[in-house]
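Visitor: Residues 38 to 401 (our numbering) make up the sequence shown, in order.
Heads up, a few of these hints could be off.
As the list claims (entries may be wrong) - Computed cross-link-like contacts, PhoX-like style, restricted to lysine-lysine with a CA-CA straight-line distance of at most 25 Å:
#1 K242 / K254
#2 K275 / K242
#3 K204 / K353
#4 K374 / K275
#5 K260 / K238
#6 K256 / K242
#7 K275 / K204
#8 K261 / K202
#9 K202 / K254
#10 K238 / K256
#11 K256 / K275
#12 K242 / K260
#13 K202 / K238
#14 K374 / K353
#15 K275 / K238
#16 K353 / K202
#17 K204 / K238
#18 K238 / K254
#19 K238 / K261
Unchecked claim - Taking CB as the label site, the calculated pair distances span:
#20 R378 / Q105: 34 to 42 Å
#21 P162 / R345: 46 to 54 Å
#22 N87 / V376: 37 to 45 Å
#23 V161 / L200: 13 to 21 Å
#24 R378 / L100: 33 to 41 Å
By construction, these hints were calculated from the structure, which means they are not laboratory data.
Only a predicted model underlies this, so the values are computations on that prediction, with no experimental measurement involved.
Just so it is clear, CB atoms sit at the ideal spot from N, CA and C, and this is done for glycine as well.
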Amino acid sequence: MRIAQVAPLFESVPPVLYGGTERVVSWLTEELVRLGHDVTLFASGDSVTNARLVPICPRALRLDAQCQDPIAHHAIMTEYVFREAANFDLIHFHLDYIHFPLGRRSEVPCLTTQHGRLDIPDLVPIFQTFREMPLVSISDAQRTPVPWANWHGTVLHGMPRRLLKRKNGDGNYLAFLGRVSPEKGLEDAIEIAYRAGMQLKIAAKVDQADTDYFENKIKPLLKKGRIDFIGEIGHDEKNDFLGNAAAFLFPIQWPEPFGIVMIEALACGTPVIAYRRGSVPEVLIDGVTGFIVDDVDGAVDALENLERIDRRACRKHFERHFSDERMAANYLAIYKKLVQRKPTTINVDDGVMSWTDLLPNTTT
């Protein structure tokens, strides 16, 4: 199959340091290539792939000090993608919705994986206006705000089994990995570690938008107990950081769409203690791969029962449910259905319209 993968330009594919969506795009792209598909990747020029790379900008936009308007680069990318559309059997977007107007007019099937939160009121008219656009969710929980959208499946993320190995958690510390922002729950992670009397190591990036939060809310807490703020780390450092931890803390304050770091921790054999929000119950098995709790008190109590968790079971759960092979197979099943599709129709105001009815009227 001739497949286009269209990645966000904020990070390279795969990211050098922090990056979720672009990392998943890399795992999927490489597995599709390995399976023998003809894959073209639209991404930043510093991306590394075995697919054919179409570089849209020289480097990842987050690391490019010259970039002031990232939307401009993504608009250019959508033009490049649809200029080549006839060369593909299917175009798989990971860009939220910026491509919807052109995707609606494309004769080539377009699939969009929604990677972010969908509980934002501004998104409702987007999905209503472009209700025929085929979508994939990364957890069932992610769909909750817009269950009526054109969902073609839920595909949980998956990563290559070889990337991370199971370790024994000999470091006797708690780990927090990700992004410093209110929704990620770092304040609660610090409180959990403090009350449990354990060391907390924090490997997290601070985006410009979260600088004030870091300076005013987090920095004062770093003096509380045994807190070690490491900063942003790359993939090569994750195995030791996660694998040597006694447990990974995931006290999220928002409806997390997926949470890649949870499966990274499980791949290292590290149990996860997470709040019962968003995708968490779809990724973890309470009492088997860690503990699903509701608050700081529950997390502190869970830490007293870590000996009940078999790190081998954590790794086994990862291998069974969160491999790149499983993810690619699930996407391919959706691709094939879309490629074999009948002409698209959508219901509008109790009537039926074809996609051509949605084109602007240019007659005078």
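Visitor: The structure should be examined with respect to each hint, and the outcome stated for every one.
Guide: Hints versus structure:
{"no.": "1", "hint": "K242 / K254", "verdict": "holds, 15 Å"}
{"no.": "2", "hint": "K275 / K242", "verdict": "holds, 14 Å"}
{"no.": "3", "hint": "K204 / K353", "verdict": "holds, 13 Å"}
{"no.": "4", "hint": "K374 / K275", "verdict": "violated, 37 Å"}
{"no.": "5", "hint": "K260 / K238", "verdict": "holds, 13 Å"}
{"no.": "6", "hint": "K256 / K242", "verdict": "holds, 13 Å"}
{"no.": "7", "hint": "K275 / K204", "verdict": "holds, 11 Å"}
{"no.": "8", "hint": "K261 / K202", "verdict": "violated, 32 Å"}
{"no.": "9", "hint": "K202 / K254", "verdict": "violated, 34 Å"}
{"no.": "10", "hint": "K238 / K256", "verdict": "holds, 14 Å"}
{"no.": "11", "hint": "K256 / K275", "verdict": "holds, 23 Å"}
{"no.": "12", "hint": "K242 / K260", "verdict": "holds, 19 Å"}
{"no.": "13", "hint": "K202 / K238", "verdict": "holds, 20 Å"}
{"no.": "14", "hint": "K374 / K353", "verdict": "violated, 31 Å"}
{"no.": "15", "hint": "K275 / K238", "verdict": "holds, 12 Å"}
{"no.": "16", "hint": "K353 / K202", "verdict": "holds, 11 Å"}
{"no.": "17", "hint": "K204 / K238", "verdict": "holds, 17 Å"}
{"no.": "18", "hint": "K238 / K254", "verdict": "holds, 17 Å"}
{"no.": "19", "hint": "K238 / K261", "verdict": "holds, 13 Å"}
{"no.": "20", "hint": "R378 / Q105: 34 to 42 Å", "verdict": "holds, 40 Å"}
{"no.": "21", "hint": "P162 / R345: 46 to 54 Å", "verdict": "holds, 48 Å"}
{"no.": "22", "hint": "N87 / V376: 37 to 45 Å", "verdict": "violated, 23 Å"}
{"no.": "23", "hint": "V161 / L200: 13 to 21 Å", "verdict": "violated, 37 Å"}
{"no.": "24", "hint": "R378 / L100: 33 to 41 Å", "verdict": "holds, 39 Å"}
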